[in-house]
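Student: Sequence:
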Amino acid sequence: MTDRRRFLQVAGAALAASALGGCDGASIAPTPGVPRSRFDDKSTAEEVTDGIDLSGKMAIVTGCTSGIGFETMRVLALRGARVVGTSRSMARAEAACRQVIGTTSPLQLDLADLDSVVDCANAIRSINAPPDILVCNAGYLGGSGTPQLVNGIEKHLAINHLGHFVLVNRLMGRLYMADQGRIVVVSSRAAYRRAPAAGIEFDNLDGRRDYDDRRAYGHSKLANALFALQLGKLLRGTRITANALHPGVINTDIDRHMSGFLQTGFSIYAALGGTKSVEEGAATSCYVATAPQLGSTSGKYFEDCNAVTVAAGHLHNEAMAERLWQVSDELVKDYLVTHTGPDYNDFERALIERRNAQEQ
Numbered sequence: 001m002t003d004r005r006r007f008l009q010v011a012g013a014a015l016a017a018s019a020l021g022g023c024d025g026a027s028i029a030p031t032p033g034v035p036r037s038r039f040d041d042k043s044t045a046e047e048v049t050d051g052i053d054l055s056g057k058m059a060i061v062t063g064c065t066s067g068i069g070f071e072t073m074r075v076l077a078l079r080g081a082r083v084v085g086t087s088r089s090m091a092r093a094e095a096a097c098r099q100v101i102g103t104t105s106p107l108q109l110d111l112a113d114l115d116s117v118v119d120c121a122n123a124i125r126s127i128n129a130p131p132d133i134l135v136c137n138a139g140y141l142g143g144s145g146t147p148q149l150v151n152g153i154e155k156h157l158a159i160n161h162l163g164h165f166v167l168v169n170r171l172m173g174r175l176y177m178a179d180q181g182r183i184v185v186v187s188s189r190a191a192y193r194r195a196p197a198a199g200i201e202f203d204n205l206d207g208r209r210d211y212d213d214r215r216a217y218g219h220s221k222l223a224n225a226l227f228a229l230q231l232g233k234l235l236r237g238t239r240i241t242a243n244a245l246h247p248g249v250i251n252t253d254i255d256r257h258m259s260g261f262l263q264t265g266f267s268i269y270a271a272l273g274g275t276k277s278v279e280e281g282a283a284t285s286c287y288v289a290t291a292p293q294l295g296s297t298s299g300k301y302f303e304d305c306n307a308v309t310v311a312a313g314h315l316h317n318e319a320m321a322e323r324l325w326q327v328s329d330e331l332v333k334d335y336l337v338t339h340t341g342p343d344y345n346d347f348e349r350a351l352i353e354r355r356n357a358q359e360q
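First residue of the sequence shown? That's 1 in the numbering used here, and the numbers climb one at a time after it.
No wet-lab data here; the hints were simulated from the structure. Virtual Cβ for every residue (Gly too), placed ideally from N, Cα, C. Hints are all accurate, no fakes.
Listed next, with one range per pair, are the computed distances between beta-carbon atoms:
id, residue 1, residue 2, range
1, 333, 209, 20 to 30 Å
2, 53, 277, 20 to 30 Å
3, 210, 151, 18 to 28 Å
4, 42, 342, 39 to 49 Å
5, 98, 209, 38 to 48 Å
6, 326, 66, 31 to 41 Å
7, 125, 80, 21 to 31 Å
8, 344, 312, 37 to 47 Å
Using the sequences and the accompanying hints, generate a full structural model.
Tutor: Shown next, in the form of structure tokens:
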């Protein structure tokens, strides 16, 4: 009986690990030209931000109600930032913000509803301070086994990529006003372990061909990484950086749509020490968002608080990143704005005019 129980535990853990990434022996090396940190897979969000003062800065964290989103919000607020935390449910966003020591503001954001994305961006723009940090953390992992569509696009790609694509676009003019704006995109190792071998399937954006939940999730996470890669290229020469990251395998609320069998297996995998804690899982997000030495680092991919280059997959495929941007732009063009410079609102314009008048 003991041997059978042990077999089931190991089998369940192996299945859960496979479902969330698997092990493919991908070659991973430090990215040249990016400062190496002293942190690793056991570092926590509090440790990587120790001694950093974010007073006077504003951060935005999507998906703030649980898991690494909540921990990211908590630690950024602990370091002095004013944090805007978003959730599909305003009630849940309010409850999460109430649990945090520091200054937080809840906002509703449904990444599957682009009108909601626009409303959220407008609410953030109404705050008379530029966002210094935007953490695109919210994510969806389905378990239906069949493709679900949002505006004709497979649901994982629509939520995890296109929703954040619009949000970043609508806030870009405000980010230009920050002393040093940072866009942090939470991707995953699934981007190179579970995404289609060909990369972004531009002829299969509805996901109907060869559908699998894990494959669709990897597809969307590859889109996240390529989004940050292209953003880094487009923002070159500005004070804004954009980077993607893998937080680690963490037992969080994102697995709520997985089958009961996979959830059980994942719980066993976590109990056997195969996952990070939430505090460890939020470390890379907080490090990329705040580390002074990364002020000019952009378009990179991070794991365990360090930039890495992955030989497998398409994480660093610049041609694919450019095409994804063009296709995404066309898909959501009705929700995008064109930027010609900093996006001043009336309040800030009045302050600037008053300051200029005083200096003359």
